[in-house]
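> Listed below, chain by chain, are the residues.
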Amino acid sequence: MPEGGENRPTAGDRARVRALVLTGLGLNCEVETAEAFRRVGATAELVPLLDLLDGHTERSLKDYSILAFAGGFAFGDHLGAGFVYANKIRWRLYDQLLDFIDRGGLALGICNGFQMMTRLGMLPGFDGDYRTPLATLAPNDRLGYWDDWVRLAADPRSPCVWTRGLDTLELPTRHGEGKFLTTGPEILERLETGHQIALRYVDAAGRATERWPANPNGSPGGVAGVCDPTGRLFGLMPHPDAFLYPFQHPLWFRQDESERASEGQGLSIFRNGVDAALESLNRSP
Amino acid sequence: MIHRIEIAVRRGLTDARGEHAARRIRDFLQVPVEGVRTRDVYHLEADLTDEEVAAVVRELSDPVLQIGARDRIEDGSFDAAVHVAFKPGVADPVGKSALVAIEDMLGRKLGGEAAVYSSVVYLIDGVTPKQAGEIAHGLLANSVIQTIVVRSHEEWEASPPDLSVPKVAGGPVPEVRPCDLSGSDEELERLSREGLLALSLDEMRAIRDHFAAESVYNPRRRELGLGPMPTDVELECLAQTWSEHCKHKIFNAVIDYREGDGSAERIDSLFASYIQRVTREIDREIVERDGRSWLVSVFHDNAGVIAFDEEIHLVYKVETHNSPSALDPYGGAITGIVGVNRDPFGTGRGAQLLSNVWGYCFASPFFDGVLPKGLLHPKRVRDGVHRGVIDGGNQSGIPYGRGWEVFDRRYLGKPLVFCGTVGALPVTIDGTPGEDKAALPGDAVVMVGGRIGADGIHGATFSSAALDDASPAQAVQIGDPITQKMMFDFLLEARDLGLYNAITDNGAGGLSSSVGEMAEGPGGARLDLSAAPLKYAGLAPWEIFLSEAQERMTLAVPSERLDAFLELARRRQVEASVLGEFTDDGWLHVCHGAETVALLSMEFLHDGAPEMRLNARWSPPTFDEPVRRPTDHGRTLVELLGRLNLASNENKARHYDHEVKGLTVVKPWVGVDADVPAEATVLLARHGSLQGYVLSEGINPFASDLDTFAMAAGVVDEAIRRQLCAGAELDRIAALDNFCWPDPVQSAATPDGEYKLAQLVRACRGLYETCRSYGVPLISGKDSMKNDVVMSGVKISVPPTLLVSAIGRITDVRRALTLDFKRAGDRIYVLGSTGAHTGGSEYFRYLGERADLAPTDGGPAPFVGNRVPELDAERSLALYRSLSEAQRQGLVRSSSTPARGGLAAAVARSAMAGLAGAEIDLDRAPGAADLLTDELLFSESNGRFVVTVAASDVDAFERCVEGHSHARVGTVTEGARLTLARAGKAVVDVEIEELRASFKEGLAHA
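Those protein sequence lines, which keep their order, are chains E and A.
With my numbering as the guide, the letters of the first sequence map in order to residues 1 to 285.
With my numbering as the guide, the letters of the second sequence map in order to residues 10001 to 11006.
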């Protein structure tokens, strides 16, 4: 997608948006995640979670509009994806985190980050409860990590600020635990009616699918990304951070000049988030 | 106090691990189990209240997915329970993470003695206890590193929950022993053999004589309380430093080489005469031509370094981890990949890791012969090796760039497991060149990362028989990517802050090798082994010194930065210990507490080993030329594509991450459906630049059966051709050589040693000649020279195997090329001439299999043939330059290169990837007139490409390649058929879908 409509902010405006990308303890997509925020104009900073927990940095969540949980293998995903990392946050940073959400902060969790947000109860976040886990990312139906590109459709009625204006997009998925399961069917229904399922895996015809390989993990209803009711907190299994450049699309080398996009489609998600953060910065200067 | 916790998937939800196990049991062992459920078991050794244990149970189980219980989950019936736990001393990263989680939750540290031990219980339905035992040993566990307890349902119910933990019973520190070398030659040989020292008689004598002289002339020994005999620390350290693994004695030997009965030609070190020489010569040539070289650092560091752009250099290293992978495929392979990661990381002052490569040589996963006792089935080996490198690479957050497999029966004894890593070294670190490293006298010797255990002691010489149940699992290391990742994150910060002067990896030989090597610069070091952090008590000083426990680096930290270094380590929760300091007194002085346990002169340690002298004798082998019957060539092509050495391994390869870091451009799988392997891959080295690097390789052990000179020439050529297929600059390609040879030293066990050594000499010559002609320097390499096993009296040796890994540069990744046919109407060209090079071809092996001939014991598969592909490097280079020029002008749409399976397979790959048909007139192909049709289709001549060109660019393209071997042979079609014709008659006419189906089926169920 090109730079966007005429009313969109400029890169200069966006530099006011500060995004915190947590690092360390086995995370490994922090560099490309920060690069994505920078490419759309935001100011991104990498901070080790341990420094935040131990007070070794002057920074705190207060300094940021966006909190990014990057992908990776925090603690090797031992005991379950994102488990040990999320635990550190739950027991040692939760008050700061709730305060951050309360103040209107945005959060993006990609892959391992989505798993952590779910594990923490930040998602689905019904009724302002960001503490109670109601869902999980279970092992894929076909056991094991799998790297392949998927097609995704955004729900146009979703409150999700990160997927605003998106129709379909293609991104790589790379995970072993991505099947979105809830404590009961009523949770999934409520997510549906609230349009909190911001992204779904779709087949070639554009229909949500549970079938492999279009859906890499067997997620019911093709759930690929979920937001909270405010739309500011968003987690997804696919990797927008791995499609920053147009030539990363698997078919790019088969396209004529005229068919080729000017940027990687993954950037549109980051730009949306940064613009939404900018709106709230502008509202409360 | 030990608490036991069980976690299981809730009834009604999928237990993916259990279902996967059930599938493998049915598939691998043909046991029709009804079902398998699994439980995670955690044994918690800590003082906790009942409430705390209950809280831990809640905390460890996912509320959506799992249930947990103290002791046992009471959960219905099953026929047998198999409990798989680690043996004492084996790394347990899951247990380690669980302890972190529990301490976070409790909000307090549980103290030094606290530990969590993880294990797994499999509950199996539809088996007898006997079958369950077979399943446990044959599939679920590896008795080398794990304990296995099988119980029937009744036994399980009747027994109390198992509360035992695999804790190493650490004892007092064993004493340092003097080693008496005064005995006879037989006595010395016995000492070496029984002590797993792997020292030759000459070397044992040299050590004896050295210490005899030392005791007379060196008063310092006496002053420090050392006797006239070497200590066990000294002897073990020398054995390690002088081992084939570390010293490359065969590559540095003086060799008398003869052809037939001809006169001997003396070669003083293969390494100096061929490998190092070709690189030096090319380096000089580059400097003469361009004023400065792009070779930044070669041969003296852990990996080769080449210039890339104004900010970073590229670092590349490929290693093998064969023997450990034969014993414990998963553990051996994961250690292989995380181990080679430390090589670029320990190069210069430390490189950020960019990408991995992997490649394996296995016996057929469908092997149905009699498996010699002591060997694992190749299907299991393959499965475990893949899982190990998948976990190691993915958890480290490093994408893979290349992945391949080669299958031959002779890899049944030892699989070859190649793992490599590319890194980015900053051109400048803290104001000085990033490749510069030097420990200075007075710098602290600091060990960083994991703790020391008995892991991997005598790694180079171990055998499974040396293991026993009471001792820690000595020989096997299991890599822990997360510990390493945390260490790397910390060290990159320390690097950029300029907190250390030098860094190197603790791999083979552990501290003895890392400190020994680093001390060469300053000229000595003093160490206190009692300061080294141990996993458990009771290790002898020599064990601490030699342990190959993983995830450790050794650094030289200047005293004024030591506090800052240690403080940062503490903040990053990475263990760092000061073990001593570098000195300039010429001695490696090792203490344990107050006691001196070794005093070795640096000179004797590094230069004291006697030179090896060997004989090599070459006589060209001849084989019966296969008799070929006329066949349906279309059928042959379809079946060739489904053979192990050509078929798709996508169902394994996609488990490896190839896109983390967001820098991958041409991915390992390309085409409309991204399901055909790329000829080479292209990756960015950093964000914000369009310049990329290109990865490819060449390997063809089958040609070794005929002539290793031609084999080596061919694999270099293949690696270079693949580079060009992706659009690499011809003048900026570097290569790595990895030799995996059967033992080439003549002995009673190896009566054909002289021939195998001649094969090695010829391979080095082929490598030298070809790299020299192409201007491709060898920037790094490794040799593994004892790839033989003797099991139950059967000796199995690998075929001489040379892997050439190439790394190239492309200034703008958007101009990269892929092999898939792009548009109907594009013209197809064959560049380079085809000859009757059927020797060692996949086609001949296919015919041999169809003829149903049994392979000779230990020999190659039937139908080797004789005419090995040869290389005219000069002519090829000229052609490659013309192709590069055409690519530069944007005239080439796709490019593939014929190798295994010949011209027909190359065309088929482009068609399968492009989902497009093609019509080709074979008679036009260069060389066609002299060839039989099967030779033209399937022979594996070097120096060829299949490229496509838009119809409108035909004239411009032909101007580029004019004067070089080329021909326009056909057109890409809309159709769904591949048609290859001779004399106007189709000799191959098959559906693209049929080719694709066979290609995807060959390894689908392996």
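Since the hints were made in silico from the structure, they are not lab data.
Please note that a few of the clues may not be correct.
[What the hints assert, rightly or not] As a list, the in silico EDC-like pairs of lysine to aspartate or glutamate whose alpha-carbon atoms are at most 20 Å apart:
no. : chain 1 : residue 1 : chain 2 : residue 2
1   : A       : K10109    : E       : D54
2   : A       : K10109    : E       : D51
3   : E       : K62       : E       : D95
4   : A       : K11000    : E       : D148
5   : A       : K11000    : A       : E10650
6   : A       : K10795    : A       : D10872
7   : A       : K10247    : A       : E10650
8   : A       : K10249    : A       : D10788
9   : A       : K10249    : A       : E10991
[To be verified] Okay, the calculated bits of chain E under chain A, using three or more residues with CB under 8 Å as the criterion:
no. : region
10  : 49-55
11  : 66-73
12  : 135-143
13  : 190-199
14  : 241-255
All C-beta atoms in this analysis are idealised placements derived from N, C-alpha and C, irrespective of residue type, glycine included.
> For every hint, state whether the structure bears it out.
For each hint, the structure was consulted:
no., hint, in the structure
1, A/K10109 to E/D54, "15 Å, holds"
2, A/K10109 to E/D51, "18 Å, holds"
3, E/K62 to E/D95, "12 Å, holds"
4, A/K11000 to E/D148, "17 Å, holds"
5, A/K11000 to A/E10650, "8 Å, holds"
6, A/K10795 to A/D10872, "37 Å, violated"
7, A/K10247 to A/E10650, "38 Å, violated"
8, A/K10249 to A/D10788, "18 Å, holds"
9, A/K10249 to A/E10991, "54 Å, violated"
10, 49-55, "holds (count 3)"
11, 66-73, "holds (count 3)"
12, 135-143, "holds (count 7)"
13, 190-199, "violated (count 0)"
14, 241-255, "holds (count 11)"
In this structure, the hints that do not hold are numbers 6, 7, 9, 13, in rising order.
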